[in-house]
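Q: Sequences and hints are given; from them, build the entire structure.
From first to last, the protein sequence lines stand for chains Z and E.
Everything in the first sequence is counted per the numbering used here, starting at 25 for the first residue and increasing by one.
Everything in the second sequence is counted per the numbering used here, starting at 72 for the first residue and increasing by one.
Treat the hints with caution; some may be incorrect.
With a Cα cut of at most 30 Å, we get these calculated DSS-like pairs of lysine-lysine [to be verified]:
{"no.": "1", "chain 1": "E", "residue 1": "K118", "chain 2": "E", "residue 2": "K322"}
{"no.": "2", "chain 1": "Z", "residue 1": "K225", "chain 2": "Z", "residue 2": "K31"}
{"no.": "3", "chain 1": "Z", "residue 1": "K225", "chain 2": "E", "residue 2": "K364"}
{"no.": "4", "chain 1": "Z", "residue 1": "K225", "chain 2": "E", "residue 2": "K322"}
Hints listed in this document are in silico derivations from the structure and should not be mistaken for laboratory results.
In this text, all values refer to a predicted model and were calculated from it rather than measured experimentally.
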Amino acid sequence: MSGPLLKLEGLHVRFSAARGIRSLLAGREKQTFDAVAGVSLEIEPGECLAIVGESGSGKTTLARAINGLTPIAEGKAWISGEPLHDKPDWTAVRRQTAMMFQDPVGSLSPRMTVRNLILEPFRIHGIAIGEPERKARKLLAAAGLSQEFLDRYPHQLSGGQARRVGVARALALDPALLLADEPTAGLDVSVQGEILTLLNKLRGELGLAILIITHNLNIIRHVADRIGVMYLGRLIETGPVEEVFANPAHPYTRALLAANPEPDPDARLTRIALKGEVPSLLARPKGCEFHPRCPWAHEDCATRAPDLASVSGARRKARCLHPFPDFECRSEAAGGK
Amino acid sequence: MKAALDIRDLSVDYHTRAGRLHALRNVDLLVPDGEVVGLVGESGCGKSTLISAVLRLLAENAEVPGGEIVLDGTDLLSLSDAEMRLRRGRDVSVVFQDPMTGLNPVLTIGRQMIDIQHREALSRAARRERAVDMLARVRIPDPASRMDSYPHELSGGMRQRVAIAMALMMNPKLLIADEPTTALDATLEVQIIELLQELQGEIGCAILFISHHLGVIAELCQRVVVMYAGSAVEEGGVRDIFHAPAHPYTKALLDCDPGRIRERRQTLPSIPGSLPDLTAPPPGCIFADRCTKADAGCGATQPPRIDTAPGHWATCHFAEAMR
Numbered sequence: 025m026s027g028p029l030l031k032l033e034g035l036h037v038r039f040s041a042a043r044g045i046r047s048l049l050a051g052r053e054k055q056t057f058d059a060v061a062g063v064s065l066e067i068e069p070g071e072c073l074a075i076v077g078e079s080g081s082g083k084t085t086l087a088r089a090i091n092g093l094t095p096i097a098e099g100k101a102w103i104s105g106e107p108l109h110d111k112p113d114w115t116a117v118r119r120q121t122a123m124m125f126q127d128p129v130g131s132l133s134p135r136m137t138v139r140n141l142i143l144e145p146f147r148i149h150g151i152a153i154g155e156p157e158r159k160a161r162k163l164l165a166a167a168g169l170s171q172e173f174l175d176r177y178p179h180q181l182s183g184g185q186a187r188r189v190g191v192a193r194a195l196a197l198d199p200a201l202l203l204a205d206e207p208t209a210g211l212d213v214s215v216q217g218e219i220l221t222l223l224n225k226l227r228g229e230l231g232l233a234i235l236i237i238t239h240n241l242n243i244i245r246h247v248a249d250r251i252g253v254m255y256l257g258r259l260i261e262t263g264p265v266e267e268v269f270a271n272p273a274h275p276y277t278r279a280l281l282a283a284n285p286e287p288d289p290d291a292r293l294t295r296i297a298l299k300g301e302v303p304s305l306l307a308r309p310k311g312c313e314f315h316p317r318c319p320w321a322h323e324d325c326a327t328r329a330p331d332l333a334s335v336s337g338a339r340r341k342a343r344c345l346h347p348f349p350d351f352e353c354r355s356e357a358a359g360g361k
Numbered sequence: 072m073k074a075a076l077d078i079r080d081l082s083v084d085y086h087t088r089a090g091r092l093h094a095l096r097n098v099d100l101l102v103p104d105g106e107v108v109g110l111v112g113e114s115g116c117g118k119s120t121l122i123s124a125v126l127r128l129l130a131e132n133a134e135v136p137g138g139e140i141v142l143d144g145t146d147l148l149s150l151s152d153a154e155m156r157l158r159r160g161r162d163v164s165v166v167f168q169d170p171m172t173g174l175n176p177v178l179t180i181g182r183q184m185i186d187i188q189h190r191e192a193l194s195r196a197a198r199r200e201r202a203v204d205m206l207a208r209v210r211i212p213d214p215a216s217r218m219d220s221y222p223h224e225l226s227g228g229m230r231q232r233v234a235i236a237m238a239l240m241m242n243p244k245l246l247i248a249d250e251p252t253t254a255l256d257a258t259l260e261v262q263i264i265e266l267l268q269e270l271q272g273e274i275g276c277a278i279l280f281i282s283h284h285l286g287v288i289a290e291l292c293q294r295v296v297v298m299y300a301g302s303a304v305e306e307g308g309v310r311d312i313f314h315a316p317a318h319p320y321t322k323a324l325l326d327c328d329p330g331r332i333r334e335r336r337q338t339l340p341s342i343p344g345s346l347p348d349l350t351a352p353p354p355g356c357i358f359a360d361r362c363t364k365a366d367a368g369c370g371a372t373q374p375p376r377i378d379t380a381p382g383h384w385a386t387c388h389f390a391e392a393m394r
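A: Written out as structure tokens, the structure is:
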């Protein structure tokens, strides 16, 4: 296959704001907002990209748009060269893009056994399998569960086991891309490692590309090659994981990394205090959308909107008028760090 | 050392269809006056049962076969229901994980903050003033007008700050914080931790801080208690626990934390196996079947509490050798 596995160009996902009775009576215009506001990215076959960002930054909506679970309002998207923005056959698309949902137990039907849950994708896609029992066992083994789980129901599974069943279901149809929405959320620390090891193993064995959506920065460096940081529905920084962690270019990335408490009582962190709360998507700030919270904002940040532009080499991009590191001296002087 | 909360030898059983489930077994836990103690443990370790026991809000099918819960000199288990009711919210209060479940969605913040002062001999205006003052102390912008807001009109971080304001309103001796930052994003989590540190300094209450996030525990707490499957397995100062853990479970837990592994790894550590069946706990050490150090003796006899340093103990036969 030539070219990227997944390509997004200026992708928008739009939702309409709920209308209250008051605005209905006043006959006000229906308000809409863009949960994903122009995301462009590429994922190569076998590559792992992590999308990070806080609640409401549009991470999950982005994954759902790739899988056709929410409509694409604007922009273009291709998977293996097939356009997704032009009424594709989503059933066919979903054979290639498997989704692991955020809630491991909630995404499994409580009335189906693990065996039926694993074989369900074949039924949905009308694929005949000669020996379903063997197939179910093979998939379960690939997800690292023993055969005794085949006859269990979701409520009899722990969070980690339910997560593994989710992996087995996602793998059923040999996808090229796995969309993993918060794969470690709600799991105990001792189980998180198991799931990450499993994802790494599947990548190695099956050449699977993975889009991981998470707000847990700690897990990213162990699974992802590249990272994309989202804020208010836009990518504000992208680049190789190690480089971004070592030297973030965007002030928000810097604050996000600094906000991650170290599991060491002697670590003294240099925190970056962000002012105020995340703005509403209905009232995006003018200029750079991060400037009201940015400790390093310049005057022009309030008026000029930055693009996602290359910084320090072609592999890294940041949406900032004054990206680090050429900015460092100023922050020291201002005592901001 | 005076203790705000001293739990001694506490056991809690649940009557279930599968039999008697020993949810807590002989738990000791000490929260000294004015200190922040972290309680670490994974799902099923008995954290929630412990909180319910301290508040005396255990489920119907629970039974306390033995132990004491001494809050500020009084054994809570000896109090009548009416006496206990007077203490909840005044001597001990709680901040829960999801602030939405702790706040009433159909009443304004102000109404709820005034209501919880029902025991105070104050005028309505004075109560309102106190509520506004408390909101200001948790740094809610424009507190007077926020009094008329409903919980759904606030963001998650603001809601959690309101919950903290309500919990601290009566100057409790002990604040139980049950994963107060789990539902929040990283940058808001930091704001809440800093707020708790600051308020604790001002008000001087002791805090029992429950979390599975080791980074938060390391930053906020002076002492740490580690629980596993209904037992307290190790207790000590935060440095002892993080730098010289004396129980294999504590060590395994620390080793698993992806946040402590700096270099990229294909294979990440985990703790193989699963929790023991607490309707029939093993005769020996509760962690023995998942422990890499365990020998035949561990499966047969329960390890005693071994002091490895002043104020640091672990229930492990190898506690000395671990250090």
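Q: Hint by hint, note whether the structure agrees.
A: Here's how the hints hold up against the structure:
Proximity of K118(E) to K322(E) is assessed by CA-CA distance (about 19 Å); at most 30 Å being required, the pair is judged to hold. The straight-line distance between the Cα atoms of K225(Z) and K31(Z) is roughly 25 Å, inside the 30 Å bound, and the hint therefore holds. A threshold of 30 Å between alpha carbons decides the hint, and for K225(Z) with K364(E) the separation of about 28 Å falls inside it, so the pair holds. At most 30 Å may separate the alpha-carbon atoms for a hinted pair to count; K225(Z) and K322(E) meet this at roughly 25 Å.
Of the numbered hints given earlier, the model fails none.
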